[in-house]
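Protein chains in written order, with the working numbering: chain H, 16 to 147; chain Z, 31 to 428; chain V, 114 to 435.
No lab work stands behind these hints: they were computed from the structure. We treat Cβ as the ideally placed atom computed from N, Cα and C, and that holds for glycine. Keep in mind that a hint or two might mislead.
Result set (DSS-like, lysine-lysine): computed pairs, CA atoms no more than 27 Å apart in a straight line [said to hold, decoys possible]:
hint	chain 1	residue 1	chain 2	residue 2
1	Z	Lys347	H	Lys123
2	V	Lys177	Z	Lys47
3	Z	Lys112	Z	Lys352
4	H	Lys123	Z	Lys315
Just a sample of chain Z residues kept apart from chain V, beta carbon distances all over 10 Å, derived [to be verified]:
hint	residue
5	Tyr70
6	Ile97
7	Lys120
8	Leu140
9	Arg160
10	Met166
11	Thr218
12	Ala225
13	Gln236
14	Asp260
15	Thr305
16	Ala322
17	Val326
18	Tyr339
19	Glu411
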Amino acid sequence: MSKAAVLVPELLRNLATHPVTRAFPFEAAVVPKGFRGTPRFRSENCIGCKVCMRDCPSDAIHIDVTVIPPTEPAVEGQPAPKPKKKMTMTLYLDRCVHCERCAEVCPKDSIYLDEEFAMAAFSREALKIVME
Amino acid sequence: MAETIHLPIGPQHPFLKEPAKFDFDIQGEEIVGARMNIGYNHRGLEKLCEERNYYQCLYILERICGICSHSHTTAFCQATEKLLGLEIPKRGLYLRTLVCELERLHSHLLWLGVAAHEVGFDSLFMLVWRDRELVMDALEAISGNRVNYAFNTIGGVRRDLSEEQRTKLLEMLKPLIERTGFYANIGTNEPSFLARIRGVGKLPKQRAIDMCTVGPFARASGVDRDARRDVPHAAYPYLDFKVITNEECDIYGRVLVRVLEILESCKMVKQMLETLPEGEFVAPKVMRRVPAGAAVSYYEAPRGEDIHYVRGNGTEKPERVKVRAPTMANLEAACESVVGSFVADIPIAIASIDPCFSCTDRTSVVLNDRRRGRRVTTWGELRTYGIDWYRRNRGIHF
Amino acid sequence: MNALKVALYLLVFPGFAFQSIFSTWLEWLDRKLYARMQNRRGPLYTGWSGMMQPVADIIKLLAKEDITPSHADKKAFAFMPVLSLAAVITAGLYIPVWHLSSFNSFEGDIVVVAYLLTIPSFSLFLAGWFSVSPYSLLGGTRVLTQLFAYEVPFFLALLTPAVMSGSWRIARIAAYPWTGGHWWVMPVQIIAFGVALLTLQAKLERVPFDIPEAETEVVGGPLTEYSGKKLALFRLQKDILMYVGSALVACVFLGGFKGGLLLGTLQLVLKTSFVVGLLSVVRAACARIRIDQIVSFSWKWLAPASLVQLLIVLLIKAKGAM
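Can you make the complete structure from the sequences, with help from the hints?
As structure tokens, then:
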């Protein structure tokens with residue numbers, strides 16, 4: 016019968032210690048370095064290969080290539096100025112599973128995952144992020 | 031003298047973490063018959079895998095289960111690497127096995143808390159889960175997420191372990207081992223807890239073998255089977271560990287096996303961290319097209335033996351992926367172990383196999399057998415029936 | 114004027130309003146202690162440190178939809194919460210909260226209180242019986258089996274101080290330790306105090322004796338089919354039963370609440386909170402035991418212990434009489 020109180024000393028000790036639960040969101044939540052958060056885009060590095068689109072498990076990335084016609088007029092005898100390509104990434108955050116496959120497979124290091132985890136929204140449209 | 035009442039449990043019930051249907055025939059408080067039905071968590075994952083390339087399949091298979099997600103990716107990677115004939119560098123194997131054992135730690139601690147909750151011992155539940163956070167924080171620091179670690183890739187692992195993370199992990203083990211010793215003491219000495227788990231859910235050794243049970247459920251009935259030792263895979267051939275069995279054959283035995291496995295896994299994690307080899311953590315060149323062939327891989331998940339079958343056909347997408355989760359092998363035995371005991375024993379007896387119905391549900395075949403009261407209804411028929419019912423009984427016109 | 118005074122006693126203090134409000138304080142104390150023992154925070158945001166959480170729970174339940182099962186006996190189904198609440202509040206009127214005598218105390222009122230406190234258990238069984246569902250039926254039969262287990266030790270433990278003090282009146286039992294230097298009756302009855310605490314825990318259907326309402330087995334036991342206002346009344350009944358039970362135990366074992374209106378009420382708060390604190394420790398330290406184990410534990414340990422205590426008290430009385 017004395018063993019019936021085997022947990023009681025621990026319980027009474029816990030009354031004197033501070034609770035371990037964090038009062039989120041009134042207290043900040045800490046994430047470690049390397050946490051897989053939201054994908055972000057570095058447009059200047061992107062070459063438009065679309066490997067990230069191919070390998071995303073949930074079809075959450077879409078890369079748009081916009082061709083910008085050259086601003087300078089063609090000059091005689093000089094090679095024609097090349098049109099610039101601008102890459103835009105549309106991320107469907109409601110589909111993203113944060114697996115980091117896009118960042119892993121990108122050959123030019125143009126996608127990276129930040130440490131943002133508070134990404135709730137009230138509508139699906141708000142979760143469609145266009146990054147240029 | 032007592033009449034038989036039919037007690038349906040599920041698909042929704044507070045003790046079930048995932049939907050499953052149990053039908054019990056009870057007389058008073060005693061159970062005289064038990065039947066079960068699964069399939070409520072079927073998501074068509076095997077079909078999804080046929081439409082995606084091998085790397086995308088990794089992340090689909092990871093989400094079969096939240097608790098043993100790493101088991102499924104490891105088993106799949108092992109099967110695919112067999113097909114590709116890849117040699118994984120030793121550091122990659124060690125890191126993969128490190129996360130495997132950390133996952134076993136968190137899964138067994140989770141189970142201990144849930145088992146305590148099923149018998150109403152909420153204090154033990156909260157305290158165990160508080161200490162489980164040590165393991166969860168470690169996993170988050172290593173892999174970037176608390177569940178669904180996405181640590182495996184075909185050919186090795188995706189991230190390296192820094193020296194700082196290694197020393198932090200070693201430090202984390204000390205309080206964990208001490209607290210597990212404390213919980214082992216509580217679990218084996220607290221009279222009300224023992225009264226609920228001793229002599230309950232008995233499954234004799236021969237029945238355990240006949241019903242093909244696996245994992246800690248079988249090991250508690252004296253069946254000495256463990257895929258870590260019996261089938262060499264990952265870094266287990268290089269590690270020195272014991273397989274825990276005992277002859278109790280009841281839930282108390284299963285608690286003992288899992289708690290001692292926690293201590294054993296802590297020892298293995300320590301071994302791996304201290305003898306971590308240098309070098310690459312992923313194979314250098316992995317072909318995206320997997321040659322034709324079929325491979326089977328075995329892996330000891332926290333719940334038992336997990337089997338993956340992968341068939342490639344020379345393209346980037348697998349032709350067939352089949353997953354046999356350990357709970358599938360244990361469910362019938364769990365149902366049988368409950369017959370003859372009380373209604374109050376149902377939650378803890380079913381929970382003692384550590385059920386994961388998400389892991390289990392693949393395809394189920396239902397026969398359209400009107401004589402035995404089973405019917406298959408098409409979506410169109412169901413919709414018409416629903417509209418008709420609301421019009422007749424509630425006067426609502428859709 | 115007398116009628117107004119009686120109405121005040123019945124409805125405000127120590128009647129319905131006081132019991133409802135004070136019992137929410139006791140529920141908050143129980144939840145907070147239980148959480149802190151498990152290293153959690155407990156109720157936190159509603160009111161100061163979560164003190165309004167039990168009130169918020171009851172108000173929320175009052176606002177929810179009230180569903181009656183189609184096969185249930187509607188009138189009986191609706192009457193059960195009212196019956197149990199009425200019985201418990203009436204029992205609470207006999208607790209002497211000041212001047213060591215309640216406004217309607219009489220010789221034998223401890224027996225009346227003990228009888229009134231069995232009505233909630235019966236109404237729980239009937240609630241399970243009238244809501245025709247296998248879970249509630251199972252829970253209801255468990256309530257009765259548990260009643261069979263704890264009722265005798267509960268009565269024996271409560272009546273031991275009555276034998277000690279030579280009176281069946283709660284006020285006089287509470288006053289006995291303070292008269293004639295009889296303070297030693299409090300430590301001598303420690304076994305009965307322990308038995309009374311455990312059987313009170315069984316009456317309140319809390320862990321380790323909460324098998325009738327075991328959430329993981331029978332969903333809600335007898336209260337499975339109750340929702341909305343009826344469930345709110347049952348919850349209020351459970352809280353007030355905790356107040357009445359712990360106040361009764363504090364009265365007969367810890368020497369009552371003497372000292373006039375202010376000091377007496379302060380003693381009431383402190384002593385009932387102490388008893389509820391002990392109940393919270395018991396709740397946190399044990400697992401839920403099965404119904405057959407409750408019956409065997411009760412008849413193997415609690416009933417003999419209370420009989421032993423009764424024997425000790427009778428021997429002391431005999432020695433005193435010689």
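Verification of the supplied hints:
Annotation: proposed proximity of lysine 347 (chain Z) to lysine 123 (chain H) holds, straight-line Cα distance about 25 Å (limit 27 Å). Distance check on the hinted pair: lysine 177 (chain V) and lysine 47 (chain Z) sit about 26 Å apart at the alpha-carbon level, within 27 Å; holds. For the suggested pair lysine 112 (chain Z) and lysine 352 (chain Z), the alpha carbons sit about 16 Å apart, so the restraint of at most 27 Å is met. At roughly 18 Å between alpha-carbon atoms, lysine 123 (chain H) and lysine 315 (chain Z) fall within 27 Å of each other, so this suggested pair holds.
The claim that tyrosine 70 (chain Z) lies off the interface holds: its Cβ sits roughly 18 Å from the closest Cβ of chain V, which is beyond the 10 Å cut-off. Distance check on isoleucine 97 (chain Z): its Cβ is at least 19 Å (rounded) from any Cβ of chain V, clearing the 10 Å threshold; non-interface status holds. For lysine 120 (chain Z), the requirement that its beta carbon stay farther than 10 Å from each beta carbon of chain V is met, with the minimum near 41 Å. In this structure leucine 140 (chain Z) is separated from chain V by more than 10 Å, as the shortest Cβ-Cβ distance comes to about 16 Å.
With a least beta-carbon separation of about 6 Å from chain V, arginine 160 (chain Z) fails to lie farther than 10 Å from that chain, contradicting its non-interface assignment. Separation of methionine 166 (chain Z) from chain V is adequate, the least Cβ-Cβ distance of about 16 Å exceeding the 10 Å criterion. For threonine 218 (chain Z), the requirement that its beta carbon stay farther than 10 Å from each beta carbon of chain V is met, with the minimum near 13 Å. A beta-carbon of chain V comes within 10 Å of the beta-carbon of alanine 225 (chain Z); the shortest separation is about 5 Å.
The claim that glutamine 236 (chain Z) is not at the interface with chain V holds, since no C-beta of that chain comes within 10 Å of its own (minimum 28 Å). Separation of aspartate 260 (chain Z) from chain V is adequate, the least Cβ-Cβ distance of about 35 Å exceeding the 10 Å criterion. Separation of threonine 305 (chain Z) from chain V is adequate, the least Cβ-Cβ distance of about 35 Å exceeding the 10 Å criterion. Here alanine 322 (chain Z) stays apart from chain V, with its beta-carbon at least about 50 Å from theirs, past the 10 Å limit.
At the 10 Å boundary, the C-beta of valine 326 (chain Z) stays outside the reach of chain V, the nearest C-beta of that chain being 38 Å off. With 10 Å as the threshold on Cβ separation, the claim that tyrosine 339 (chain Z) sits away from chain V holds: the shortest Cβ distance comes to roughly 36 Å. A cut-off of 10 Å between C-beta atoms confirms that glutamate 411 (chain Z) is not in contact with chain V; the least separation is 25 Å.
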